Amino acid sequence: MKDCSIKRNIKLSYPFKGGTMMKRIHTFNEIADEYDKHRPSYPDQLFADILAYSGIASDSSILEIGCGTGQATRGLVDLGYDHVTCVELGEHLAAFTQTKFRSYPNVSVIQAPFETWNSEKSGGFALAISGTAFHFVEPQELGYRKVYDLLDNDGSIALFWTVHVPTYDEVSNLIRESYRRHAQQLDDSKNPTLEQIIEKRSALTLANGLFKELEVKRYACHHTYTAEEYIALLNTNSRHRLIPEAIRHELFAEIRGAIEASGDIYHKPQAVVLFLAKRNEFES
Numbered sequence: 120m121k122d123c124s125i126k127r128n129i130k131l132s133y134p135f136k137g138g139t140m141m142k143r144i145h146t147f148n149e150i151a152d153e154y155d156k157h158r159p160s161y162p163d164q165l166f167a168d169i170l171a172y173s174g175i176a177s178d179s180s181i182l183e184i185g186c187g188t189g190q191a192t193r194g195l196v197d198l199g200y201d202h203v204t205c206v207e208l209g210e211h212l213a214a215f216t217q218t219k220f221r222s223y224p225n226v227s228v229i230q231a232p233f234e235t236w237n238s239e240k241s242g243g244f245a246l247a248i249s250g251t252a253f254h255f256v257e258p259q260e261l262g263y264r265k266v267y268d269l270l271d272n273d274g275s276i277a278l279f280w281t282v283h284v285p286t287y288d289e290v291s292n293l294i295r296e297s298y299r300r301h302a303q304q305l306d307d308s309k310n311p312t313l314e315q316i317i318e319k320r321s322a323l324t325l326a327n328g329l330f331k332e333l334e335v336k337r338y339a340c341h342h343t344y345t346a347e348e349y350i351a352l353l354n355t356n357s358r359h360r361l362i363p364e365a366i367r368h369e370l371f372a373e374i375r376g377a378i379e380a381s382g383d384i385y386h387k388p389q390a391v392v393l394f395l396a397k398r399n400e401f402e403s
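Letter 43 of the sequence shown, counting from 1, is numbered 162 in this note's numbering, and no numbers are missing.
Treat the hints as calculated values from the structure; they're not laboratory data.
Source: prediction; values computed, not measured.
Each hint should be verified, as a subset may be incorrect.
[Unchecked claim] Simulated restraints on C-beta separations:
id	residue 1	residue 2	range
1	P285	E369	33 to 43 Å
2	G243	K309	27 to 37 Å
3	T218	D163	45 to 55 Å
4	H368	Q164	57 to 67 Å
[Unchecked claim] With a straight-line Cα cutoff of 25 Å, these simulated SDA-like cross-link-like pairs (lysine to any residue) come out:
id	residue 1	residue 2
5	K309	G328
6	K397	K309
7	K156	T355
8	K240	R264
9	K397	K219
10	K331	T286
11	K309	A390
We put the beta carbon where it would ideally sit given N, CA and C, even for glycine.
Throw the hints in and build the complete structure from the sequences for me.
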């Protein structure tokens, strides 16, 4: 179960991390079906806010960077905005999304790294979106520059992320201790705060003056999981999938036990943060 509410116009970004980034990005391609089944969808209000900010027509060309299994694509298509070009690195993910939207002839899925993809519509997109994916574009500065070049003069960007929110109830503390024993790098008490995340992503969005009129919106989401459901969700997370299998098995067994001992119900808050900005047209 889930519930998402909106908090508007918060001056806050998502952290960009290097190192194992390229290893992480390939983990999703291995589990397309599981990812689509277990990952929570984005709040409906987010897509309404994107369309209100961008002001695009229903037949405008939209670029999606890193479509995964098409969860964000679905949010637009369901509102009648189906002229979407999706660029997805993973072969299985691209095939999955192409099949999902086979009855929508205006949705196209291109299997390619965004960094090296050559578009036939340079300067022709009215809106570019990316859901929990744009941080994988490397380097970030060139990613923003490429999006800028692909947008028309009045184009907008809408980049959004699901962000883990640490909690400190009894079950969460037990789970945290399991991470400290088996995978210290996933101890969420060391994570940047939501405000720090938003501050960093805001700076990246406005860097070099490519984009202007930044608006940041934050949506609070609450999910309820059984132990089985929560383990299935964790198994779609890239950082968890990089843990050696034997260690991951022990970690998941402890997490499962902690949730089952608490009535087999785990309440998990999360946040979705949306960054909206307009393409800045420079004077010649």
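Right, here's what the structure says about each hint:
no.: 1; hint: P285 <-> E369: 33 to 43 Å; verdict: violated, 22 Å
no.: 2; hint: G243 <-> K309: 27 to 37 Å; verdict: violated, 43 Å
no.: 3; hint: T218 <-> D163: 45 to 55 Å; verdict: violated, 24 Å
no.: 4; hint: H368 <-> Q164: 57 to 67 Å; verdict: violated, 38 Å
no.: 5; hint: K309 <-> G328; verdict: violated, 32 Å
no.: 6; hint: K397 <-> K309; verdict: violated, 33 Å
no.: 7; hint: K156 <-> T355; verdict: holds, 10 Å
no.: 8; hint: K240 <-> R264; verdict: holds, 15 Å
no.: 9; hint: K397 <-> K219; verdict: violated, 30 Å
no.: 10; hint: K331 <-> T286; verdict: violated, 34 Å
no.: 11; hint: K309 <-> A390; verdict: holds, 17 Å
When held up to the earlier numbered hints, the structure conflicts with 1, 2, 3, 4, 5, 6, 9 and 10 and fits the remainder.
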